[in-house]
Amino acid sequence: MDVRNARYSVGSRRIFDGLDLTVARGSITAVMGPSGTGKTTLLRLLTGQVRPEAGTVTVLGQDVVALRRPELFALRRRMGVLFQHGALLTDLDVFENVAFPVRENTRLPEPVLRRLVLMKLEAVGLRGAEKLMPQELSGGMARRVALARAIVMDPEILIYDEPFVGLDPISMGIVVRLIKRLNDALGITSIVVSHDVAEVGSIADYSYLLAGGRAVAGGTTAELNASAEPAVRQFMQGSAEGPVSFHYPAADYHQALLDGADLAGALR
Amino acid sequence: MIAALRNVGAVTLFFLRVLGACVPALARPGLIVRQVYNSGARSLIIIMLCGLVVGMIMGLAFADMLARFGSESALGVAAGLALLKELGPVLTALLFAGRAGTSLASEIGLMRATDQLTAMQVMAVDPMRHVIAPRFLGGVIAMPLLVAIFNILGIFGTQLVGVQLMGVDAGTFWSQMQNQVDLADVGEGIVKSVVFGVVCTLMAVYQGFHAVPTAEGVGLATTRTVISSSVLVLLFDYMLTAAFL
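Quick mapping for you: the protein sequence lines, in order, are chains A and U. Residues in the first sequence are numbered from 1 upward in steps of one, following my numbering. Residues in the second sequence are numbered from 269 upward in steps of one, following my numbering.
Calculated directly from the structure, the hints in this document are not laboratory data. Watch out, some of these pointers could steer you wrong.
Just a few of them, taken from the derived set where beta-carbon distance is under 7 Å, the chain A residues facing chain U [said to hold, decoys possible]:
#	residue
1	T47
2	R78
3	V81
4	F83
5	A87
6	L89
7	F95
8	E104
9	N105
10	R107
11	P109
Below are the SDA-like pairs computed for lysine to any residue, each with C-alpha atoms no more than 20 Å apart in a straight line [unchecked claim]:
#	chain 1	residue 1	chain 2	residue 2
12	A	K39	U	T382
13	A	K39	A	R214
14	A	K180	A	R214
15	A	K39	A	E53
16	A	K131	A	R115
17	A	K39	A	R51
18	A	K39	U	D383
19	A	K180	A	A198
20	A	K131	A	M141
21	A	K39	A	D2
22	A	K39	A	E110
23	A	K39	U	A381
24	A	K39	U	S341
25	A	K39	A	V197
26	A	K39	A	R14
27	A	K39	U	M507
28	A	K39	U	Q389
29	A	K39	A	G212
Every residue, glycine too, gets a C-beta built ideally from N, C-alpha and C.
Build out the structure end to end from the sequences listed, making use of the hints.
In structure tokens form, the structure reads like this:
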């Protein structure tokens with residue numbers, strides 16, 4: 001996967017301005033960055049849901065921007081995406097959720113489909129939950145069902161959008177190990193979008209740090225931890241002080257408190 | 269004015285996309301039958317209840333009005349024509365917009381808010397084909413059936429009050445209706461019910477599909493569904509009535 005000089009805006013807000021990023025085949029690549037830096041938008045670029053205003057997005061050797069709809073759908077069949085909150089189809093049970101992409105994209109006989117789905121559910125430890133509805137699952141279970149669905153078509157690329165958000169430590173540990181295991185066992189190219197530095201750093205072969213519409217740093221977790229770059233240090237150490245401002249731009253704080261109504265009068 | 273034209277254009281384009289998706293959706297009849305159940309069967313109780321009550325009101329009001337002109341015998345034909353040509357299709361459509369339309373719009377809006385539609389796209393499944401077209405076809409099939417049930421209950425209600433309570437002769441009631449209501453009147457009602465089915469379901473799926481993915485956005489989509497469906501049903505009713513004159 002290769003993104004070159006990508007530019008993308010939403011309304012008047014520039015999300016990417018010259019983004020360059022390369023993901024090696026078979027690796028786990030982490031894309032990190034503060035909230036609002038366009039991490040989820042990057043996933044939408046990679047899956048062809050949005051098109052950049054300028055630059056190229058190449059996935060599995062194909063230029064996503066130039067693809068027509070049937071070719072784009074064919075490419076998407078080779079990719080799996082784990083959404084932030086699972087995005088399970090609420091009118092289908094666990095089994096049917098995992099079977100959904102297979103039913104829609106192939107004509108596998110029912111007995112084969114059943115075995116395939118059970119194998120994927122077993123891989124995420126939820127074979128016994130096949131009859132449950134999404135509403136009956138905990139957050140971690142829903143994420144694992146979504147993971148089973150994402151791998152059911154045996155994708156070459158697996159994209160994880162904030163896979164650790166809202167998970168308890170046990171579920172988080174399970175998901176971290178699953179990502180690593182799937183990558184090792186199936187040779188899938190994995191992209192993990194997250195701002196959980198410790199979790200994603202523990203399994204990533206390479207990490208990018210997004211800020212200001214571009215990748216400001218890239219390297220292994222150890223390299224990023226050792227970086228002298230102020231923005232990288234601030235993010236990796238989780239500090240409020242640094243080039244990435246915690247506060248949204250605003251007028252002078254003290255002046256704002258002194259302005260306006262007569263506070264003393266209002267309190268009397 | 270420009271915004272209104274843009275909306276009309278957007279709905280028209282969306283309608284064409286839905287029609288395009290209906291052909292492949294027909295290959296999955298199971299999905300359509302499920303939506304006929306969701307839109308139709310789940311609206312049945314309210315449609316039956318309202319049909320019966322409207323018929324009973326007509327039995328009271330028409331019997332009283334016609335008695336002033338000494339024309340109680342016309343009760344059957346008056347109720348039959350009013351129900352088949354106007355009240356049945358229009359009231360059913362308005363009830364459908366409030367019951368099934370809002371349910372469709374909020375369901376699709378929530379699917380968007382929870383990334384289910386995006387997930388389908390990423391899984392190389394077209395939501396127009398899998399979500400929108402079956403719901404559209406389900407609504408369009410359900411509406412004429414609901415109108416027929418509304419009309420049957422309405423006529424029964426009119427008979428119940430007009431004949432049993434107000435004393436209109438039963439033989440006159442039924443024979444007048446049989447003689448004066450012809451197939452063209454029934455056909456007008458069927459055409460209207462199909463058109464209203466298209467209008468109400470299209471508005472519901474359009475508003476749901478384009479809902480802003482927030483709680484407020486989904487709420488707004490359901491409100492807009494009821495308002496736009498109701499206004500369009502009345503507008504189309506006027507145009508169709510004029511066309512059938």
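Hint by hint, here is what the structure shows:
{"no.": "1", "hint": "T47", "result": "holds (5 Å)"}
{"no.": "2", "hint": "R78", "result": "violated (9 Å)"}
{"no.": "3", "hint": "V81", "result": "holds (5 Å)"}
{"no.": "4", "hint": "F83", "result": "holds (5 Å)"}
{"no.": "5", "hint": "A87", "result": "holds (4 Å)"}
{"no.": "6", "hint": "L89", "result": "holds (6 Å)"}
{"no.": "7", "hint": "F95", "result": "violated (16 Å)"}
{"no.": "8", "hint": "E104", "result": "holds (5 Å)"}
{"no.": "9", "hint": "N105", "result": "holds (6 Å)"}
{"no.": "10", "hint": "R107", "result": "violated (12 Å)"}
{"no.": "11", "hint": "P109", "result": "violated (18 Å)"}
{"no.": "12", "hint": "A:K39 x U:T382", "result": "holds (18 Å)"}
{"no.": "13", "hint": "A:K39 x A:R214", "result": "holds (11 Å)"}
{"no.": "14", "hint": "A:K180 x A:R214", "result": "violated (27 Å)"}
{"no.": "15", "hint": "A:K39 x A:E53", "result": "holds (17 Å)"}
{"no.": "16", "hint": "A:K131 x A:R115", "result": "holds (15 Å)"}
{"no.": "17", "hint": "A:K39 x A:R51", "result": "holds (15 Å)"}
{"no.": "18", "hint": "A:K39 x U:D383", "result": "holds (16 Å)"}
{"no.": "19", "hint": "A:K180 x A:A198", "result": "holds (14 Å)"}
{"no.": "20", "hint": "A:K131 x A:M141", "result": "holds (13 Å)"}
{"no.": "21", "hint": "A:K39 x A:D2", "result": "holds (15 Å)"}
{"no.": "22", "hint": "A:K39 x A:E110", "result": "violated (38 Å)"}
{"no.": "23", "hint": "A:K39 x U:A381", "result": "holds (18 Å)"}
{"no.": "24", "hint": "A:K39 x U:S341", "result": "violated (75 Å)"}
{"no.": "25", "hint": "A:K39 x A:V197", "result": "holds (14 Å)"}
{"no.": "26", "hint": "A:K39 x A:R14", "result": "holds (13 Å)"}
{"no.": "27", "hint": "A:K39 x U:M507", "result": "violated (51 Å)"}
{"no.": "28", "hint": "A:K39 x U:Q389", "result": "holds (19 Å)"}
{"no.": "29", "hint": "A:K39 x A:G212", "result": "holds (12 Å)"}
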